[in-house]
Every structure is written in C-alpha cells, then in structure tokens.
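Full structure from sequences and hints, please.
These protein sequences, in sequence, are chains F and D. Its first residue numbered 1, the first sequence is counted upward by one per residue in our numbering. Its first residue numbered 1, the second sequence is counted upward by one per residue in our numbering.
Keep in mind the hints are simulated off the structure, nothing from the lab. Source: prediction; values computed, not measured. Backbone N, C-alpha and C define an ideal beta-carbon position, used for all residues, glycine too. Errors might be hidden in some of the hints.
Some chain F residues close to chain D (C-beta under 7 Å, calculated; not the full set) [claimed, not checked]:
#	residue
1	S37
2	R70
3	F105
4	E142
5	D145
6	P151
Stretch-level coverage of chain D by chain F, calculated; a stretch enters the list once three of its residues show a Cβ under 8 Å from a Cβ in chain F [claimed, not checked]:
#	region
7	27-39
8	63-72
9	96-107
10	112-122
11	139-148
12	166-172
There are 2 protein chains.
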Amino acid sequence: MEIPVVANVLKRGEEVAAKNRATLRAAGVRSVNLMGSPGCGKTALLERTLSSLGGEMRIGVMTGDLTTTRDAERIAALTDRVVQINTGRGCHLVPDQVREGIARFDLAGLELLFLENVGNLICPVGCDLGQDARVGMFSVPEGDDKPAKHPYLVLEADLILLNKSDLLPHVPFDIDVFERDLRAMREDVPLLTMSAVTGEGFDAWLDWLRRLVATRES
Amino acid sequence: MEIPVVANVLKRGEEVAAKNRATLRAAGVRSVNLMGSPGCGKTALLERTLSSLGGEMRIGVMTGDLTTTRDAERIAALTDRVVQINTGRGCHLVPDQVREGIARFDLAGLELLFLENVGNLICPVGCDLGQDARVGMFSVPEGDDKPAKHPYLVLEADLILLNKSDLLPHVPFDIDVFERDLRAMREDVPLLTMSAVTGEGFDAWLDWLRRLVATRES
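In structure tokens:
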C-alpha cells in the first residue's frame, strides 16, 4: 500500500504545480522561484528590485518562512502585492501553498510574481512550484565552495546570483574557484555578481527580469 | 498500513540515536552536533578548534555534506581522525549514518567528537543523532533576524554561536535585535559571539568545550 500512496502524493504535487503554471501564464504573469541560504539576501534583493522596477512593472511577492511575517513586512513597505506563507516546520514552499497564495493576488494586476522560498539550499530543489524560472542565489560570505557543495541547485537553476559582492574585500573568497566549480557543472547558466546593498551589478539583474517579463503571452 | 510504517521508521531512528549515545558515552567520548546555515563557518570553526586544542585533547570530526569531501579534506590537514558522510540528496545527518561513521573511529583514542551537520538551519533540528550537546550556529552576514526566523533550532540548542563578528563593521546587523529575539525564546541558552577567522571571542568556545569534555564518564 505504501508506494502507491507516495506516488499519488508526488503526482498530486506535480499536478498542482502544472495548474499554478497554467493559471499564472493564462493571466500573463511571469514567475520566479527564488532559492538560497538563510541570510543570502533574498528579501534585500526583492526590496531593491521593487524600488528599482516598481514604477515600471507590476510585481507581486509571495514569501515563505517558517513562522514569522518579517519578510512580508519588509516587502509590504514597498508594495501591497505581498502574501506571506508560513510553512511551520516545512523546509520549503510546496505547490499547494503557492496555489493558495496565488488566490490572494489580483492576477490581472500583475506582470511578475516572485516566490521567495524558505532559506534553504537543499530542500526547495526539485520541487516544481509552477514557476517560469528558477533562480539560485549564493552570497560571498558563504564561501567560494558553495556551487560545488550544492550541485543539485546549480544543475536546475535558470540563473545563478552571487550576492554581497561588497563583502569581497572582507572575506576569504576566490571568485575563480566559484566560477570554475560552477562552469564544471553548467557552462550555460548565466551568473550575475551583485550587491543588493550597494547596487553594484544590479542593472544586469533588472535587465534579466525585463527580458523575462517581455516573454509574457498576454 | 501507513501510520505503523512511519512510526517504525521514527522509532528506529530514536533507537539508533540511543545506541550511538550509549556507545560514545561508554567509550568516554563527548559529542557535539553542530548545526548551521551553508557557509556560516562550521568547518572554519572546527579548523581553528583543532589548531587550538589539538595538543590538549583528542578530537574526531564526522562531517556531513551532500556529495563532496571538501570539508573532510580541510579537516584532514589537521587530524587523521576524520570521516566524511555523503548524504546525497539528504538534507541532514541521520542516526544510521552517524552509527556507520562511529565505527570508522578508534573510540578509545577520542575524547571529543564533532558531528558537523549538513549546512541547513531547518532539517537537522529535531533529529537526535545521539550527541551530548547541540550547537546552533549563526553568522553575522546572515542578518540579525535569524533567531526569530529559525525558532526550532534556537529552542533545542544547548549553545548558540554567532560567528563572523569581524564582519560587524561591514554589514547591516543590530546585535541588540539578535539578542532580544534570542532571549525572548531562550533566557538560559549561552550565546558566544566570535570570529573563527580572527579568533576574537574564541577562548570562550574553547572553555565551553573543555567543560564538556571534563564531564566524561571514563
């Protein structure tokens, strides 16, 4: 009896993710699943993104966290298009939570939706939420060995961000090692080095988002 | 059929953890389950600990990582008492892996064993490995909101480390916010602020380890 039950659970997750994707695409909303360590700067990235693009496109944020609403409060200072998902002990967002979250947005008023995953480099990987693009985010103080140590995220990401470039002078970090390990796994994936605090390298990220939103079907 | 199966799996994990604890204690080995984010500095902490205490006590390290042996290689430069556990897609160490790892050590030659968990603030929590003490490790660049955002780790830790204090001048981080959130959950837990890079605050950590090892039963 066990295996069929597990298979049904997996299948149900995939079905819900497919529904999420269909719902968002039909509404002309592009979506990004943002994955990275606790404290790599996901919320800071979104704050600066909203400040930079808020007048140019309509952006919503669904933010996942175990028990607090802190990320959503930070985002709410910049937009009212924000929904907090509390996962409790859950270590990543799941398609059903995103489905419930989507229902809280006025999709007709959105062009881009961020799914800010729970801070975790491992468990969100391989869980399709129905997003258009998966962004894997590292940060300089985590060390230059992170692509090698988190290959599954690297292998599935559509874009890799290396945040906190402003800390390069202050920590042991060899950017050549970081890039070599990344390229050994993925020659093709774009890598953007940036600082969400200083804005260094941020324009390339904004352009990547503009190109994503330009592929909207409606 | 499902619930009994799940219950058996949980029970088996607890039983193996209890066996690990009994084996280590009978051999006079004190053990520490070290949990923290990817890149918070767990391996750097152990490197400096081995350099500082290597001549004073016999220390072993079991280091968990998805697929690489990088942490074990760093530790192996300082001691041959090191075992790498590759968890594959597993997001934390489990008691069975620790059991297998323990068998690789000469326990009679050990006084202290570190179980360096996979970099993850969520999933290792609540999984007893059979350790004597659980250390929850944060780092300054992760931000001052981490205790509030990771309450389950805070609630079960026997010691909280705040690493990378050398980066305090370079990042937005309010130590009062960090401490206030921590103390709201745990008045009692010791907090040690330190830098494994500069050695600032490291003596208090070494003394904590000395006190732990002094409680050995044989």
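field: chain F covers the region 139-148 of chain D, three or more CB atoms within 8 Å, holds or violated
entry: holds (count 7)
field: Outcome, coverage hint (the region 63-72 of chain D, chain F; C-beta under 8 Å; three residues)
entry: Per the Cβ count (5), the hint holds.
message: The hint names R70 (chain F) as touching chain D; please verify it with the least Cβ-Cβ distance against 7 Å.
response: Holds, about 6 Å.
- prompt: Is the hint on S37 (chain F) kept, meaning its closest Cβ partner in chain D is under 7 Å away?
  reply: 5 Å, holds
query: Does F105 (chain F) pass the interface hint, meaning its C-beta sits closer than 7 Å to a C-beta of chain D?
result: Because about 24 Å separates F105 (chain F) from the closest Cβ in chain D, which is outside the 7 Å limit, the hint is violated.
- prompt: With a cut-off of 8 Å between beta carbons, are at least three residues of the region 112-122 of chain D near chain F?
  reply: Holds: 5 residues of the region 112-122 of chain D have a Cβ under 8 Å from chain F.
- prompt: Taking the least C-beta to C-beta distance, is P151 (chain F) closer than 7 Å to chain D?
  reply: 6 Å, holds
message: Using the nearest Cβ pair, does E142 (chain F) come within less than 7 Å of chain D?
response: Given a least distance of 3 Å, the restraint on E142 (chain F) holds.
query: Taking the closest Cβ pair, is D145 (chain F) under 7 Å from chain D?
result: 6 Å, holds
- prompt: Taking a Cβ-to-Cβ distance below 8 Å as contact, does the region 27-39 of chain D have at least three residues touching chain F?
  reply: Since three or more residues must qualify, the claim that chain F covers the region 27-39 of chain D holds, with 3 doing so at under 8 Å.
- prompt: How about the region 96-107 of chain D: do at least three of its residues have a C-beta closer than 8 Å to a C-beta of chain F?
  reply: violated (count 0)
query: Are there three or more residues in the region 166-172 of chain D whose C-beta lies within less than 8 Å of some C-beta in chain F?
result: holds (count 5)
Violated hints, in rising order: 3, 9; the structure is consistent with all others.
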